[in-house]
Amino acid sequence: MTRFLAITRTEMLILRRNRWLLVATLIMVLFALALTFAGSAPTGTLGVDMLTVSVASMTTLSVYLAPLLALMIAFDAIAGDVDRGSLSLLLSYPAGRGEILLGKFTAHLAALAFAMTIGFGTAGAVAAFFGGAGPESLMALVRLILTSILLGAVFLALGYLLSALAKGATAAAGMSAGLWLVFVVLYDLGLLGAVVMDKGGTFTQSVFPWVMVANPADAFRLWNIAATEGVAMASGMTGAAQALPNWAAPASLLIWPVLGFALARLAFRRVEP
Amino acid sequence: MTDKALSIDHVFKDRGKTRVLDDITLSLAPGQRVALLGHNGAGKSTLIKSILGLTPIQCGAIRIGDATPGSAQARRETAYLPEAVSFHPALTGREQLTLFAQLSGAKADVPGLLERVGLSDALDRRIGTYSKGMRQRLGLAQVLLGQPKVALLDEPTSGLDPISRQDLYAIIDELAAQGTAVLIASHALTEVEARTDRIAIMRKGRMVADDTLNNLSALAGLPIRLKVRASANAEALAAELGGNRINGASVELLCSPDDKMEALRRIAGLGDAVADVEMTPPKLEDLYRHYAQEERL
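The listed protein sequences correspond, in order, to chains L and B. In terms of our numbering, the first sequence opens at residue 1 and continues consecutively. In terms of our numbering, the second sequence opens at residue 274 and continues consecutively.
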């Protein structure tokens, strides 16, 4: 079991050495701070504290950034080693493929967790300092950080899947960009189109919320919005959340990383270095 | 228990419609050094990858000691140096070798191993700054981890300067002395000649030769070249011996190993007419050409 930790240690070293960790954390801090200040205007009209509004803005930010950052590390995980010719050597050692994947996943997830916690934490602290915070808004911030890490885990696993399926690192990068576009942008546009066509029929009433929550990015949004009344008000998006049972969004966001990892493991088994 | 460190028994592998391994049989005893020769695409790397369990075979059996390829035991007991090996450029040599030591589970003296391959100055430099030869040495250092039963070296001399080749062969001898069977896939014919116990030659997925250099020479029946220098009249000498005149003063004769002594006696019988005799046995390169290029049905 110590073998996967050896891989984890080495991967952490690489993320620190090639400045990925620094850049990702910096991006998170800058975007979170910018959104907190830019989005602080409606505080008075809604009657909620500034941290609540800040969390609502950062939720929208995280839907885009968490998958992007995760895919940026994950696409190279297998295809990069194949390209360098070092995967065959790694696989000639006693560590199994599952251990190698788990070792990389642990390191990458820890790096994402670090960037998320520092980024959202800093912005949250600034918002609380200037505009006040309550127990409920602090809970919302903690929830945002934890669910962002989960969302990152989903896209790490999906990134490994693409990295195992792709012919090389460049192809894996292209496929990852496509995956991001589909899950984060096109999926919602498609649903929006379907709802408009349906004009409030049975699809909109009963099918639409489930199709929506099946997408991990939307499940992330719904979980954060449904859990806090203030955040829901600030983001102005309550309809879909009310149509679903409370467990739907957490279940989706918890099942996806496991499913994604299992698929990546299966695809990795078929890789011939 | 078997007494073979590595045994390959009637192995077949198809890739699409082409047969990349065609009835390969080869075995290595502990401490034996075997050179695996062949053109690009002859199947050397594929054979090595099937020994490692990285690519499946259709038919036949491979055993590392008693273990099947890819099993945990087999992976503990094999060391591998890939062709043109490369590592993550952001790591240092020490960090990379430490990872391999931890993965192999062997207690290892990492700085000592890096010094053994001549990398002690570059211990804490990033691999991204290494030359091709230095990366190859780092690859060699990880082969020395633990005490492998079998070491598979794929083109180990590529990118090495002549002095590091000497080091490489010293390390191979060291491995063999500790009982590791070493399989060296190579193009560098002249070097493996003196440095290996046996030579196996592959052509288009088939094993066309597997024997000691001497036996291979005898089997191939390649001619021995005799160059006779005349003291005065080369024309007369050529007529007498029946060879070709190659320059003003010399005659070249080709004879089989069996006829060698007979030819020498005839030359000696000519007395003063002969100034000098030079004898060249067939070289590995001639042998290799004979086995690897000749289309035999």
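FYI, nobody ran anything at the bench for these hints, they're computed from the structure. One thing to keep in mind: the hints can contain errors.
Stretch by stretch, here's where chain L covers chain B in the computed footprint (C-beta under 8 angstroms, at least three residues) [said to hold, decoys possible]:
#, region
1, 358 to 365
2, 371 to 384
3, 484 to 498
Note that the structure is predicted; figures quoted are calculated from it, not measured. Glycine is no exception: its CB is placed at the ideal position from the N, C-alpha and C atoms.
Unmet hints by their number, sorted upward, for this structure: 3
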